[in-house]
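Peer 1: Make a model of the complete structure from these sequences and hints.
Here's the letter readout for the chains.
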Amino acid sequence: MSLTYNQKIMDEIKEKEKEWENDLNEAFSVSPERLERFITVSDKEIKKIYTPMDAKSQDFLRDIGFPGFYPFTRGVQSSMYRGRLWTMRMFAGLGSASDTNRRFHHLVEQGQTGLSTAFDMPTLMGYDSDSPRARGECGKCGVAIDTLKDMEDLFDGLPIEKITTSMTINPPAPFIWGMYVAMAEKRGISRSVIGGTIQNDMLKEFIAQKTFMCPPRPSLRVITDTVEFGTKEIPRWNTISISGYHIREAGSTAVQELAFTVADGIAYTQAAIERGLDVDDFAPRFSFFFNSHLDFFEEIAKFRAARRMWARIMKERFKAKNPRSWWLRFHTQTAGCSLTAQQPYNNVVRTALQALAAVVGGTQSLHTNSLDEVLSIPTEEAATIALRTQQIIAEESGAGNTIDPLGGSYFVEALTDQMEEEALEVIQKIDDLGGMLEAIEKNYPQKEIADSAYKYQRQIDEKVRTVVGVNKYVTEERMPVEILEIDEALEKAQVEKLNRVKSERNHRKVKECLETLGEACVSGKNVMSPIIEAAKEYATLQEMCDVFRSVFGQYRDPGIY
Amino acid sequence: MKERKLRVMVAKPGLDGHDRGARIIARAFRDAGFEVVYTGLHQTPEEIVHAAIQEDVDMIGLSSLAGAHMYLFPRVLELLRENGVEDVAVLGGGVIPEDDITVLREAGMKKIFTPGSNLDGIVQWVKENIKPRS
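Going line by line, the protein sequences match chains G and P.
Note that the numbering used here has the first sequence beginning at 1, numbered continuously upward.
Note that the numbering used here has the second sequence beginning at 562, numbered continuously upward.
Do not take every clue at face value.
To be verified - Here are the simulated SDA-like cross-link-like pairs (lysine to any residue), alpha carbons at most 20 Å apart as the crow flies:
| # | chain 1 | residue 1 | chain 2 | residue 2 |
| --- | --- | --- | --- | --- |
| 1 | G | K492 | P | P676 |
| 2 | G | K162 | G | R135 |
| 3 | G | K472 | P | N679 |
| 4 | G | K455 | P | L680 |
| 5 | G | K463 | P | N679 |
| 6 | G | K315 | G | G276 |
| 7 | G | K232 | G | A520 |
| 8 | G | K463 | G | L35 |
| 9 | G | K472 | P | G677 |
| 10 | G | K18 | G | K47 |
| 11 | G | K536 | G | S503 |
| 12 | P | K672 | P | R642 |
| 13 | G | K455 | P | I691 |
| 14 | G | K472 | P | P676 |
| 15 | G | K463 | P | L680 |
| 16 | G | K492 | P | Y632 |
| 17 | G | K463 | P | D681 |
| 18 | G | K315 | G | D63 |
| 19 | G | K455 | P | I683 |
| 20 | G | K447 | P | R591 |
| 21 | G | K455 | P | G682 |
| 22 | G | K455 | P | G594 |
| 23 | G | K472 | P | G682 |
| 24 | G | K525 | G | A320 |
| 25 | G | K232 | G | S192 |
| 26 | P | K671 | P | P635 |
| 27 | G | K429 | G | R312 |
| 28 | G | K16 | G | E26 |
| 29 | G | K455 | P | A593 |
| 30 | P | K672 | G | Q342 |
| 31 | P | K566 | P | I691 |
| 32 | G | K455 | G | R465 |
| 33 | P | K688 | P | Y632 |
| 34 | G | K455 | P | N679 |
| 35 | G | K492 | P | R591 |
| 36 | G | K321 | G | G68 |
| 37 | P | K688 | G | F318 |
| 38 | G | K149 | G | K502 |
| 39 | G | K232 | G | A320 |
Hint data in this document are derived by calculation from the structure and do not stem from the laboratory.
Peer 2: Below is the structure:
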């Protein structure tokens, strides 16, 4: 195990650095430094300069190495973007299944290479469009899905045997996945061929995204059912998208995003092992989902640290032997919370920088936000610009020419090491609390996030932190941006459609399927097969969710601030 | 006689789970010396108005970032009227387009705070414009 630099060189560098510091102090005595503190968006202080001294304990092969080789700091695949670009996967969903189907077709025609589905609030929370809780919410922030019929309309004309589909769905993930599998099989596409991802990450729901249904422990049991089922039956499917994106959107720092996400991954791995599954069977199909936020270099360091941490944890803590178990494959979304309602065209620039960080950081797939994201669901034009942003990075910027272009940067390597060290400390705290489930029940991550979010807002208010167009370079002038509106008539139409489906299906079969599902919930049998059967009979989303609610209970937000 | 502390409710109507802003504002109100009731997520308009009456609040701040405000906010106003407590001031915040703000103000909302509003500004506005009901 050899180090990359020798002591004599280190001493000479130290000497020269002292000379430079003296020079600097002279300069600053005449005119002080530009800011009081030079900080990242996570309030981490950054040094004036980084030198080989900052990476002096690094061992190239042990800590950095080659892409596709442990510990994967430089990338999970050997060829990375030299072999194949990241998947351009634009999150989309609005109104009815047909409305979203149109948007899907448009994005594919414009060059996106993977599908990603945004559902409306009733669907995300496990309610049908005719529920009193769905009033005013139908189709407003994503697509309304009530039954298999909607799923069929949603993917009409799309080659799902060739293109992979991601679905951002959490409590109702098993049911939505069941509908997708049912839809594919009805089209004659085998479950061994379909590829995609369900987000299916309830731990981060309790921490950050807050789509709730059942309490934490039964939620983890159901997720383990999906992992078990997917591992055996749907080999090309990512059973969980272990997410940090939402944790960051809720206001965490980059280190917290990294630590809580990896800790969630540890909890899911532990649960599956306790179920009796072999880690090398299920771990290759765990995937991750990170935020790409404003500080360009901090994000790149975060992605690199994440890969190295997960590889080490899977190999050393969980004794995984299959190299694919060590791979942290991830999707990235640029930071929605960083976009502004003021001067919305500035958001194109923010998104571009964040997308570039994700590419330089080696993401497997990427969604870029639209300029009007702060105001409404993106218009087609705004979503197209966001897609073009990725295409310009891919084809024009040169970012994909070499693998891990910032590897070896004294700054980025030092930051990567720092992020790993700090995140491991947080994970140790969570382990000391008894693991992520216990930490959530004790409100530890939720409180950490609330504190970080409040501190961040105070910094903006006090102008310690600049937001262009909001607290600096403010204009009175309004820049006209056309906003997408969801037709109010949609809700009525969706309810009519739901009623039609209900009237045409076999009531007896639906009832039987729901009973079988209930029995599986109670007995501990895997819920996925009963769910797929029920979906095929056009059981509604809420009918199936209500079975879960009746057995597992309904979780309510504790309302802590 | 010294005015009592302002009683302020921060509420999340509907299914929207985006609570970063609502929780920050609840904290800012608490730090400013108001008595704060935070409802937590996933409250129906009925639950909000019921709690507002129970807690005898002077003001309700509604937060919505998932697009359902044009049903939920007016429904809260309607229920307050039906229950004879329309003197409870109703404010809003979140992702609310300009055109909708106009309609909501006409329907009776006192103020809508849009993205980019700062905490001190919000607290100041409330101190100047909302008085205890009794």
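Peer 1: The structure should be examined with respect to each hint, and the outcome stated for every one.
Peer 2: Cross-check of the supplied hints:
no., hint, result
1, G:K492 / P:P676, "violated, 31 Å"
2, G:K162 / G:R135, "violated, 37 Å"
3, G:K472 / P:N679, "holds, 13 Å"
4, G:K455 / P:L680, "holds, 12 Å"
5, G:K463 / P:N679, "holds, 11 Å"
6, G:K315 / G:G276, "holds, 18 Å"
7, G:K232 / G:A520, "holds, 18 Å"
8, G:K463 / G:L35, "holds, 12 Å"
9, G:K472 / P:G677, "holds, 11 Å"
10, G:K18 / G:K47, "holds, 15 Å"
11, G:K536 / G:S503, "holds, 15 Å"
12, P:K672 / P:R642, "holds, 18 Å"
13, G:K455 / P:I691, "violated, 27 Å"
14, G:K472 / P:P676, "holds, 15 Å"
15, G:K463 / P:L680, "holds, 12 Å"
16, G:K492 / P:Y632, "holds, 14 Å"
17, G:K463 / P:D681, "holds, 12 Å"
18, G:K315 / G:D63, "holds, 15 Å"
19, G:K455 / P:I683, "holds, 17 Å"
20, G:K447 / P:R591, "holds, 16 Å"
21, G:K455 / P:G682, "holds, 17 Å"
22, G:K455 / P:G594, "holds, 19 Å"
23, G:K472 / P:G682, "holds, 16 Å"
24, G:K525 / G:A320, "violated, 27 Å"
25, G:K232 / G:S192, "holds, 10 Å"
26, P:K671 / P:P635, "holds, 12 Å"
27, G:K429 / G:R312, "holds, 18 Å"
28, G:K16 / G:E26, "holds, 16 Å"
29, G:K455 / P:A593, "holds, 16 Å"
30, P:K672 / G:Q342, "holds, 18 Å"
31, P:K566 / P:I691, "holds, 11 Å"
32, G:K455 / G:R465, "holds, 11 Å"
33, P:K688 / P:Y632, "violated, 28 Å"
34, G:K455 / P:N679, "holds, 13 Å"
35, G:K492 / P:R591, "violated, 41 Å"
36, G:K321 / G:G68, "holds, 15 Å"
37, P:K688 / G:F318, "violated, 56 Å"
38, G:K149 / G:K502, "holds, 10 Å"
39, G:K232 / G:A320, "holds, 18 Å"
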